[in-house]
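Colleague: Next come the chains, spelled out residue by residue.
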Amino acid sequence: DIQMTQSPASLSASLGETVTIQCQASEDIYSGLAWYQQKPGKSPQLLIYGASSLQDGVPSRFSGSGSGTQYSLKISSMQTEDEGVYFCQQGLKYPHTFGAGTKLELK
Amino acid sequence: EVQLVESGGGLVQPGRSLKLSCAASGFTFSNYYMAWVRQAPKKGLEWVATISTSGSRTYYPDSVKGRFTISRDNAKSSLYLQMNSLKSEDTATYYCARLGGGYAYYFDYWGQGVMVTVSS
Numbered sequence: 054d055i056q057m058t059q060s061p062a063s064l065s066a067s068l069g070e071t072v073t074i075q076c077q078a079s080e081d082i083y084s085g086l087a088w089y090q091q092k093p094g095k096s097p098q099l100l101i102y103g104a105s106s107l108q109d110g111v112p113s114r115f116s117g118s119g120s121g122t123q124y125s126l127k128i129s130s131m132q133t134e135d136e137g138v139y140f141c142q143q144g145l146k147y148p149h150t151f152g153a154g155t156k157l158e159l160k
Numbered sequence: 003e004v005q006l007v008e009s010g011g012g013l014v015q016p017g018r019s020l021k022l023s024c025a026a027s028g029f030t031f032s033n034y035y036m037a038w039v040r041q042a043p044k045k046g047l048e049w050v051a052t053i054s055t056s057g058s059r060t061y062y063p064d065s066v067k068g069r070f071t072i073s074r075d076n077a078k079s080s081l082y083l084q085m086n087s088l089k090s091e092d093t094a095t096y097y098c099a100r101l102g103g104g105y106a107y108y109f110d111y112w113g114q115g116v117m118v119t120v121s122s
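Protein sequences appear in the order of chains A and B.
Using the working numbering, read the first sequence as starting at 54 and increasing by one per residue.
Using the working numbering, read the second sequence as starting at 3 and increasing by one per residue.
Please keep in mind that the hints were generated in silico from the structure rather than gathered at the bench.
Careful, some of the hints might be misleading.
What the hints assert, rightly or not - Pairs of lysine-lysine residues, derived as PhoX-like cross-links and limited to a Cα-Cα distance of at most 25 Å, are as follows:
#, chain 1, residue 1, chain 2, residue 2
1, A, 156, B, 45
2, A, 95, A, 156
3, A, 95, A, 160
4, A, 160, B, 44
5, A, 156, A, 127
6, A, 146, B, 78
7, A, 127, B, 67
Unchecked claim - What follows is a set of in silico ranges between Cβ atoms, one per label pair, in the way DEER data are often shown:
#, chain 1, residue 1, chain 2, residue 2, range
8, A, 105, B, 86, 24 to 32 Å
9, A, 113, B, 32, 47 to 55 Å
10, B, 84, A, 114, 21 to 29 Å
11, A, 133, B, 55, 36 to 44 Å
12, A, 56, B, 86, 23 to 31 Å
13, A, 68, B, 57, 28 to 36 Å
14, A, 67, B, 46, 21 to 29 Å
15, B, 117, A, 146, 26 to 34 Å
16, A, 56, B, 60, 22 to 30 Å
17, B, 103, A, 92, 22 to 30 Å
18, B, 103, A, 56, 38 to 46 Å
Said to hold, decoys possible - Stretch by stretch, here's where chain A covers chain B in the computed footprint (C-beta under 8 Å, at least three residues):
#, segment
19, 8-18
20, 79-93
Yeah, the Cβ is synthetic: ideal placement off N, Cα and C, and Gly gets one too.
The shape of chain A in the complex, shown without the other chains (with noise of 0.2 Å):
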């Protein structure tokens, strides 16, 4: 199975920060990432797919990058609703594997 490593577990940010949220998977997984952010008792919601689309509707402070096994999620200027969990995904292979989560918070 491809393992899915994120980092920092957590971070906190002021508003207009930029914040940058690591994803390194254990193989290559040739640019078939996503990336979700979750709020509280909410269902996970899709903000980015083969590591750099962003999909429809999500606000464009947020951008993803990366190939090969290191990716990343960065929020070019933390808003208060930017708040929440932040998982990222593997679709290239099954199992589907998801990251253990970055929480965001403001600070």
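Based on these hints, arrange chain B on the given structure of chain A.
Modeller: Leaving out everything else, chain B in the frame of chain A:
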């Protein structure tokens, strides 16, 4: 608007069975792979099952293989998850999700989730 609405959750004893349903609307259901993803309380996300557009192909992780069965009824735009021999570790919120992608899959729409509690 894409909508996925799960039902069928509840409290069940270990070793018993439960069947979840997901009613889909707002898109051509028969054109999409569909999946179930679960989340144990205060934990991360775990993919549970995927089914192809026709239902002829299904995929499961080892943790549920042989106990869970995913199925679909394209005429009713409905997805199902039959869960047998339930264990306490199956306690989770179960989400129905639509799959997008080609060479690699991602979950582009999710339902609100349904809680399954396995306990005596």
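Colleague: Are the hints correct? Go through all of them and say.
Modeller: Consistency of the hints with the structure:
Straight-line distance between C-alpha atoms of residue 156 of chain A and residue 45 of chain B comes to about 12 Å, which keeps the hinted pair within the 25 Å bound. A C-alpha spacing of about 14 Å is found between residue 95 of chain A and residue 156 of chain A, which places the hinted pair at or below 25 Å, so the restraint holds. A C-alpha spacing of about 22 Å is found between residue 95 of chain A and residue 160 of chain A, which places the hinted pair at or below 25 Å, so the restraint holds. For a cut-off of 25 Å, the pair hint linking residue 160 of chain A to residue 44 of chain B stands: about 22 Å separates their Cα positions.
Between residue 156 of chain A and residue 127 of chain A, the direct Cα distance comes to roughly 14 Å. Compliance with the 25 Å bound is thereby established for this hinted pair. Between the alpha carbons of residue 146 of chain A and residue 78 of chain B the distance comes to roughly 29 Å, so the proposed pair goes past 25 Å and is violated. At roughly 36 Å between alpha-carbon atoms, residue 127 of chain A and residue 67 of chain B are farther apart than 25 Å, so this suggested pair is violated. Look at residue 105 of chain A against residue 86 of chain B: about 40 Å separates their beta carbons, and that is not inside 24 to 32 Å.
Separated by about 33 Å at the C-beta atoms, residue 113 of chain A and residue 32 of chain B break the suggested range of 47 to 55 Å. For the hinted restraint 21 to 29 Å between residue 84 of chain B and residue 114 of chain A, the CB-CB distance of approximately 42 Å leaves it violated. For residue 133 of chain A and residue 55 of chain B, the Cβ-Cβ distance of about 40 Å falls inside the hinted range of 36 to 44 Å, so the restraint holds. Under the hint 23 to 31 Å, the C-beta atoms of residue 56 of chain A and residue 86 of chain B, about 28 Å apart, fit the expected range.
In this structure, residue 68 of chain A and residue 57 of chain B break the distance hint of 28 to 36 Å, their C-beta atoms being roughly 48 Å apart. Hint check: residue 67 of chain A to residue 46 of chain B, Cβ distance near 26 Å, so the stated range 21 to 29 Å holds. For the hinted restraint 26 to 34 Å between residue 117 of chain B and residue 146 of chain A, the CB-CB distance of approximately 29 Å keeps it satisfied. Between residue 56 of chain A and residue 60 of chain B the C-beta distance comes to about 24 Å, which sits within the given range of 22 to 30 Å.
Taking 22 to 30 Å as the suggested C-beta distance range, the pair residue 103 of chain B and residue 92 of chain A conforms, at roughly 24 Å. About 20 Å separates the C-beta atoms of residue 103 of chain B and residue 56 of chain A, a value inconsistent with the hinted range of 38 to 46 Å. Closer than 8 Å: that is the beta-carbon criterion, and the segment 8-18 of chain B has 0 residues meeting it against chain A, so the requirement of 3 is violated. Look at the segment 79-93 of chain B against chain A: 0 of its residues bring a Cβ nearer than 8 Å to a Cβ of that chain, fewer than three, so the hint is violated.
Checked against the numbered hints listed earlier, the structure breaks hints 6, 7, 8, 9, 10, 13, 18, 19 and 20; every other hint is satisfied.
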